[in-house]
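There are 4 protein chains.
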Amino acid sequence: MTKIRAAMIGGGIGGFIGEIHRAAMRLDDRYELVAGALSSDATRALESSDALGIRGHKSWQALLEKEQDTVDCVVIVTPNDSHAEIATAALTAGFHVVLDKPMTRTLGEAIALAEVALNSPQVFAMTYTYTGYPMVREMRKRIFDGEVGNVRTVSVDYRQGWLAEPIERDGQKQAAWRTDPQKSGAGALGDIGSHAEQLARFTTGLAINEVRGDVHTIVKDRKVDDHACVQLKMEHGVVGDLVCSQVCTGERNHVSVRVWGDKGSLSWSHERCDELKFTASDGTETLSFCIENRAPSGHPAGFVEAFANIYLDCADNMLGKNVAIIDEQEGLKSMLFIDAVLRSEDLQSWCEV
Amino acid sequence: MTKIRAAMIGGGIGGFIGEIHRAAMRLDDRYELVAGALSSDATRALESSDALGIRGHKSWQALLEKEQDTVDCVVIVTPNDSHAEIATAALTAGFHVVLDKPMTRTLGEAIALAEVALNSPQVFAMTYTYTGYPMVREMRKRIFDGEVGNVRTVSVDYRQGWLAEPIERDGQKQAAWRTDPQKSGAGALGDIGSHAEQLARFTTGLAINEVRGDVHTIVKDRKVDDHACVQLKMEHGVVGDLVCSQVCTGERNHVSVRVWGDKGSLSWSHERCDELKFTASDGTETLSFCIENRAPSGHPAGFVEAFANIYLDCADNMLGKNVAIIDEQEGLKSMLFIDAVLRSEDLQSWCEV
Amino acid sequence: MTKIRAAMIGGGIGGFIGEIHRAAMRLDDRYELVAGALSSDATRALESSDALGIRGHKSWQALLEKEQDTVDCVVIVTPNDSHAEIATAALTAGFHVVLDKPMTRTLGEAIALAEVALNSPQVFAMTYTYTGYPMVREMRKRIFDGEVGNVRTVSVDYRQGWLAEPIERDGQKQAAWRTDPQKSGAGALGDIGSHAEQLARFTTGLAINEVRGDVHTIVKDRKVDDHACVQLKMEHGVVGDLVCSQVCTGERNHVSVRVWGDKGSLSWSHERCDELKFTASDGTETLSFCIENRAPSGHPAGFVEAFANIYLDCADNMLGKNVAIIDEQEGLKSMLFIDAVLRSEDLQSWCEV
Amino acid sequence: MTKIRAAMIGGGIGGFIGEIHRAAMRLDDRYELVAGALSSDATRALESSDALGIRGHKSWQALLEKEQDTVDCVVIVTPNDSHAEIATAALTAGFHVVLDKPMTRTLGEAIALAEVALNSPQVFAMTYTYTGYPMVREMRKRIFDGEVGNVRTVSVDYRQGWLAEPIERDGQKQAAWRTDPQKSGAGALGDIGSHAEQLARFTTGLAINEVRGDVHTIVKDRKVDDHACVQLKMEHGVVGDLVCSQVCTGERNHVSVRVWGDKGSLSWSHERCDELKFTASDGTETLSFCIENRAPSGHPAGFVEAFANIYLDCADNMLGKNVAIIDEQEGLKSMLFIDAVLRSEDLQSWCEV
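Chains as they are written, first to last, in the numbering used here: chain Y, 15 to 367; chain H, 15 to 367; chain C, 15 to 367; chain S, 15 to 367.
By construction, these hints were calculated from the structure, which means they are not laboratory data. We put the CB at the ideal spot given by N, CA and C, even for glycine. Treat the hints with care, as some may be off.
Pairwise CB distance ranges (calculated) [what the hints assert, rightly or not]:
#	chain 1	residue 1	chain 2	residue 2	range
1	S	Glu46	Y	Gly29	19 to 29 Å
2	C	Gly334	H	Trp191	35 to 45 Å
3	S	Gly122	Y	Lys335	44 to 54 Å
4	H	Ser283	S	Phe158	31 to 41 Å
5	Y	Ile31	S	Gly29	32 to 42 Å
6	H	Phe158	Y	Glu224	52 to 62 Å
7	Y	Ile305	C	Glu306	28 to 38 Å
8	H	Lys17	C	Asp55	50 to 60 Å
9	Y	Lys335	H	Ser283	42 to 52 Å
All chains, please: the whole structure from these sequences, using the hints.
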């Protein structure tokens, strides 16, 4: 099978997310990483590409210019503020684009980028990791198939503790750009709230129409939100509640999504990512397990495999197959959600998404 | 040890909650149930007292009048709309009162009853069951002792499914009065929201200052609320989220309370009521187990034992000991909470409690 | 409903098991405890009966003699070495007998007592607690109904840690008699191995034909076994494994029984006593919950309720109903099992039960 | 960093384990798979190598001859009966060898191969997957560090259900060779019992001195054992119990190892592979989570990552680092264990390992 020739922008050696993307690409052998502009600092960029044994470029502009005939797909894992510019340039230059979430720093950028992506013949895909978990996909499928009946209410709970202290002031690089509104846009809402709202929509297929957020900055003097509780009005009268927080001390990375319908409920939790729980109306709970995720059932798979599933789908699309991916419309919806929650906090009222 | 001579009002044979109260009273042998006016229907009342082998009365008024010298304590387990009148009369007549929650049907009644109770030398106690679980008490103790540091955020999730269908129209007696605003006051908010908010305050010791509720009646044509998500502003800047629902199909009786502070978190869940989980800031989780709740650790205890713990404390108080109980002030706070949430829904804004 | 007039032998105030039996008898109000010979020490016996407000006797002989017309049922909760004598006398004197497990100290005593019980018109019942859990009964019912198909293998794991240290030498009274072969007979095998083997038989309905035990005394200088792994040959070629240990440091009271058939498996664990797990041949797990154990589903019940279920059944039998109880034949089978395991250890070979 | 040039013998496209090995090798980019003799059938071998885009060979002999200067390491994932011959030839020809477990079909072969491996300067490593899980390694480390005190007893439970029916007769290829004694040697004992006994030794560092196995073939007419319960006598008087079964209907791949010492216990279960549970002597349970296994704590990892950890260690060894691996001595111990259990079944007595 043809391998996709890939280049990466951002994701230098030593960071976390670049290496995850590379491992996910390697896992199924459908990509060959051939080039990179792995840092905005030219020296570090070249050091990283040398260490990886790939062609290095001093800047993403140089990469896009010189790898026109030698690269099929550009993977963008830079901080949010450069997403719009790089992705637009890459699409315009004829590359497929895989972009880490959230789509952009601002809503305006997202609207413009979505326009570009829509009009581009190339694949534009976003890596909303949780949609790569087989049992999240199974949850969506079963809800679409009517297993829970008419959906009534949705609850998403995403809590981390890694920003419980102001570590951005101690030079923690990840924390620094994620809590700098000039780089990230929103805080917890953008970083993990975007995953949470995406899970609410992905699993149910229902739009979020209105939101009312109670948004807080719990760590003193932090420049972005780090905790929010959002009430949701979704399509067809479905109501929801969503909490995202990065200051819940001790939480490693708790994500759960629960959906109740008039026939029963389905729930999924990241801690037990290979399981899906159905609760029947009589209270009986049925746990289904991932049947095959590279290894047979009973052999746990996790985060890297979920990521790799997204890369598999992207590869299929790049080779002409029509497989569902998280595209620009999906990415834009997340941006609209974040914007609406922040407006609702400003206005202290419900806001349309 | 002297046994408390008790009489029960409401709680006829065949209902659920009366028998639970009686079992809880019997468990530790500190009460002797000697009389009852067990139904508002005189015939049924006498049938029930006969079946139990206790002195029967046709009405609560008759009971209060005739058992002055033969009963120490009146247990009231009638629908909410008669709580105020009966409890007031019982206190005035010199009985100790144990009253099922919520305190009354309306806030006005609660304020008046609290006044009576405050000025009465007798014990006035409410049976907020969850405060009877040893590990809920342990959670409170540890938070007070500083184990989680300064509290940041509280989350309470109370979901049932028994009212997922409009069973009140099929003659289900419990459902009928609980969904009749003339009998119950509020719906899910009063029935289980009151437990949820009580847990938030009981475990942390923090008042709820303001609320913003998104209150719904999901089952069509139901006359009371059956689902609500409430954002909380608590003392000292603590933020909270609270969901109570009786229409989450399949939920048997899910109650969880989680409290995060700047040093770690504690969480308790009704499904595993003998456990208490502490999560340290490094993510390590420590499960403590109930050491002794009549049987040694490792021998599960549950709902009846929790109820019995409350009755134990009441008995101690009636015999002159000063043991913490849920008193009129606590009961009133719940009523103020329910009132504030319903106002906030009307006004679509934050309301002071 | 007529209350059973009960007397207790052994179980003085301050001990654990007497109070559990009394609480279990009170829970459903089917018994009235009227008399006791609560200790082998006459002074302590009378102190205890005074404290409980019941008629006291200086010895069990006095009780049996004087309470002939005033007591229906004698509950025996003395150390094992007196079971045979007291139970035989009580049956002979015309009392119903409820006897704590194991049946007797020695196999010979058990055979003789079984003969007496068989020929007695009164009820003879043993309190194998785990058979009182609704979900253990449900497990048995479903296996009998064929849910797991033909049973293939059974695994029972019963581990405690309370005897991990030689606390019998520090005056711990429970430990002292339970590790004294003159009082208890066997050690862990008799105390908890008897529960374990009973669960294997109770849930499957299959006899244990042969055993091969690896029996150890792990705490130095202890006079009885405290740890054993037993291989089982059961009826119809079913194979089993059973571990009982009282020296597994930190184990509170872990009991699990798992049964695999050719269509699936059922498993139950004491930690989550209200649940029963069925695993289908495709790996899907279905958790059923206790529907009604005094309180509605979702309200946990535990050890005292399980005990009370056994007392309910005994009361029904004493009043002439034919409800399944653990009788002398069942009690004898446990004694035969213990004897066979100890023989197999001596002979280092398989032994018939 | 220098990549290891690897060739694979066995593991053709379509099988399970070959692809797992390849994915594990790719995950961390320390290997380059350059050649293969991927099937004993020459045509299928070449089809598979073509599909993978690597140099293909018609036989392992051809591979060893022609890739002398172009391959560093040979990965052997053939059925057990060819392990000895291929591994011996590969070592003799100067290749590093990574060999899937169990070491060989017969104990005699294993002894001979161990001799070759011992005298070979190359790396000889076996892929006992469970030793690749970070929390299994953590368990070993903590036991060595004394966290549980002096070890008293070990329990390993490994149950699968995939051979619950005689699928070897329906042409299931994996089942066919694994239940053919000419290809596999032992059945469940060799396939998964070897993992189980390895876990007992790996986590405690204690040798197994004597075994007494109750070995069964539960599926009628199967030619190998498919279920066994083994009593263990380990070093320093430690006792153990081990069950391995492939006929426990519905079990996906249950593996648990529990170790009790005089200060507490540690237990690990494959279902929750990122967790390690410590139980203190007071019953308190502490769950530790994998801190970093490529992704940060809170992002589940699983089977492929565990495999990849083993390949990482092998790569380090091949490049001259001295990192612990499962070597020929360890592999031989497993073979001695299997042999001893089968002898003990024949003799119906304890056998030395």
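Verification of the supplied hints:
Hint check: Glu46 (chain S) to Gly29 (chain Y), Cβ distance near 24 Å, so the stated range 19 to 29 Å holds. Under the hint 35 to 45 Å, the C-beta atoms of Gly334 (chain C) and Trp191 (chain H), about 39 Å apart, fit the expected range. Between Gly122 (chain S) and Lys335 (chain Y) the Cβ separation comes to about 52 Å, which falls inside the hinted range of 44 to 54 Å. In this structure the supplied range 31 to 41 Å holds for Ser283 (chain H) paired with Phe158 (chain S), their Cβ-Cβ distance being about 35 Å.
Distance hint check: the CB atoms of Ile31 (chain Y) and Gly29 (chain S) are about 33 Å apart, consistent with the given range 32 to 42 Å. About 39 Å separates the C-beta atoms of Phe158 (chain H) and Glu224 (chain Y), a value inconsistent with the hinted range of 52 to 62 Å. Against the hinted window of 28 to 38 Å, the Cβ-Cβ separation of Ile305 (chain Y) and Glu306 (chain C) comes to about 35 Å, which satisfies the hint. In this structure, Lys17 (chain H) and Asp55 (chain C) break the distance hint of 50 to 60 Å, their C-beta atoms being roughly 27 Å apart.
Separated by about 44 Å at the C-beta atoms, Lys335 (chain Y) and Ser283 (chain H) satisfy the suggested range of 42 to 52 Å.
In summary, the numbered hints that this structure violates are 6, 8.
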